[in-house]
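Protein chains: 2
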Amino acid sequence: MTEFELIKHYFAQQSLHRPDVMLGIGDDAAILSIPAGMELAVTTDTLALDVHFPASASPYDIGYKSLAVNLSDLAAMGATPAWVTLAITLPQADESWIHSFCDGFFTLANRYQVQLIGGDLTHGPLAITVQAIGFIPTRKAILRSGAKAGDLIYVTGTLGEAGLALLSLQGKASPVPEDILTRLHRPEPRVTVGEAIRDIAHAAIDISDGLTADLGHILEQSHVGAIIYVDQLPLSHLPHEGGIHLALTAGDDYELCFTIPTDKRAELEAKLTALSCRYTCIGTITEQTGLDLRYQNGKKYHGQIGGYQHF
Amino acid sequence: MTEFELIKHYFAQQSLHRPDVMLGIGDDAAILSIPAGMELAVTTDTLALDVHFPASASPYDIGYKSLAVNLSDLAAMGATPAWVTLAITLPQADESWIHSFCDGFFTLANRYQVQLIGGDLTHGPLAITVQAIGFIPTRKAILRSGAKAGDLIYVTGTLGEAGLALLSLQGKASPVPEDILTRLHRPEPRVTVGEAIRDIAHAAIDISDGLTADLGHILEQSHVGAIIYVDQLPLSHLPHEGGIHLALTAGDDYELCFTIPTDKRAELEAKLTALSCRYTCIGTITEQTGLDLRYQNGKKYHGQIGGYQHF
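Chains as they are written, first to last, in our numbering: chain X, 1 to 311; chain U, 1 to 311.
Certain hints may be false.
As the list makes no split between identical chains, a pair holds if one copy fits it or if it spans any two.
Claimed, not checked - With a straight-line cut-off of 30 Å between C-alpha atoms, the simulated DSSO-like cross-links for lysine-lysine are:
1. 172 to 140
2. 8 to 300
3. 8 to 140
4. 300 to 140
5. 8 to 148
6. 299 to 264
7. 148 to 271
8. 271 to 300
Hints were generated in silico from the structure; no laboratory data involved. Just so we're clear, the structure is a prediction, and the values are computed from it rather than from any experiment.
Could you build all of it, start to finish, from the sequences and the hints given here?
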């Protein structure tokens, strides 16, 4: 197949069709209609071979995750995803690879009613760049800069499992069960949680580079500090001490970390319970800047922390 | 500098600030406000090393062109560009490379009041993916599918010079003057022309893969054919017979090709003259499908034609 035939067969025909897409794949640009009273949220993320996934990664997982990380960014703003574009550079036009990639990509896209509206298919080293566009009611976006002293800090789900899976694949930890590997390969973007908390949360971020690094962005942009109780971190399967380290530092969990005023606690917990979403209050925002990691008995946590740096 | 410092210093601080950008670079997503009565046009294009530019290409030109090709796609819809995201994979964090890349990128972005609203900077083989978003009044987008039998076919500017520059750089043609190389390295997207023709044109496309390939998309999607008079093609510096071949087949010109009803001829030509934009009527749309290439004396053109295929 030619480039055009590949795009038509695998990409244009597999996407669902939203009524707000006036013109999808196949022209110089897509044409889109915006609902009244909404702002747009726009994000983009690249997954590159040997940086974000190994050569052994399944194309299904690469397709799934390339979209998931972008939907996770929209969720962290409280936005509802609508449209995506997809730019792939690929060493060769391997149809079975593309077929499986699309399976993963569209499984997730269809789950959230997201339409693929355009893209580019280029010859080159394997890398995938997705841009996602979502809606959010005017002035309702949850920023990193809105945290206030006294806010409670929450995280969804469990932390550190994607990091453990990565260590295991790198031979630095024992083999892990399939559900832990799934946390790394097919993270579930917290789309419905983002929507649920956008009237409650003061600040939010998704945990892609590790809790301390990502919470650090909230603290920096909000000009506040935080106390985190490390023995409150939701670890699920993980052994305790190493688990705390992973939960604080490992990336790729794609859970949400957010802050709420204390008087919204009951409302928040009712909403997340209704979504069957596990949540944990892990600490509080402080006026004093800096990140204070401690146990509930008051003892300081002394482990090394730091997030992933590309350069 | 770290990834975050690089983004802040070179990208966030160099972008202009539009009043419709509620939140730009630095959060999980940008937040944007849409003017009433407008639809969005969204496009994305990747430039990859050794496919779209050689290792010897200047970072200034790569920055400029990675944006230009996307603005050209918006122009082909008649859209006014507003916002862009930029995903770069880069083998190393070479600050002088990034500095020069940004010079080229922001020179063009600022010319058209385009704001960089987000992006991603990743370690990996050199490739740049830009996504551009523009506005177009509701139902005014110029589609590939709107050409009608009897329409006149126009192109802006001159054709084939970017192709000649490429042949020259590949050692397949004699050295060419700097202004011809500029056609390849720093194409001027026809933004103002796209805006000017959106009330007149029935169909439009930008010439990125060669006139016959790109006009072919209009013909296919409009279910029509065309007669093109090859000795009418605007060749500028090019030698005649080889020039026709290049004008028909070479990519990278980023001129617009569009069709108008005959009764709009005077209006069109007045508008393009006011923009100091060279234009040429090169043929007509026919009910009979297929592309009929001939000289004005009626003789058929027999050269090989075909556009660039990535796979």
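Structure-based check of all given hints:
1. In this assembly of identical chains, the alpha carbons of residue 172 and residue 140 never lie at most 30 Å apart, being 43 Å within a copy and 58 Å across copies at closest.
2. Taking the shortest alpha-carbon separations for residue 8 and residue 300, neither the intra-copy value of 57 Å nor the inter-copy value of 33 Å comes in at or below 30 Å.
3. For a Cα distance limit of 30 Å, the shortest separation of residue 8 from residue 140 across copies, 25 Å, qualifies, whereas the shortest one inside one copy, 37 Å, does not.
4. Taking identical chains as interchangeable, the C-alpha atoms of residue 300 and residue 140 are never at most 30 Å apart, the minima being 37 Å within one chain and 63 Å between chains.
5. Within a single copy, residue 8 and residue 148 get their C-alpha atoms only as close as 49 Å, which misses the 30 Å cut-off; across copies the closest is 24 Å, which meets it.
6. With identical chains, the CA atoms of residue 299 and residue 264 are at most 30 Å apart within one copy only, with a shortest distance of 29 Å there and 80 Å across copies.
7. Only within a single protomer do residue 148 and residue 271 lie at most 30 Å apart by alpha-carbon distance; the minimum there is 22 Å, versus 55 Å between protomers.
8. In this assembly of identical chains, the alpha carbons of residue 271 and residue 300 never lie at most 30 Å apart, being 33 Å within a copy and 72 Å across copies at closest.
Going down the numbered hints, you'll see the structure goes against 1, 2, 4, 8, while the others check out.
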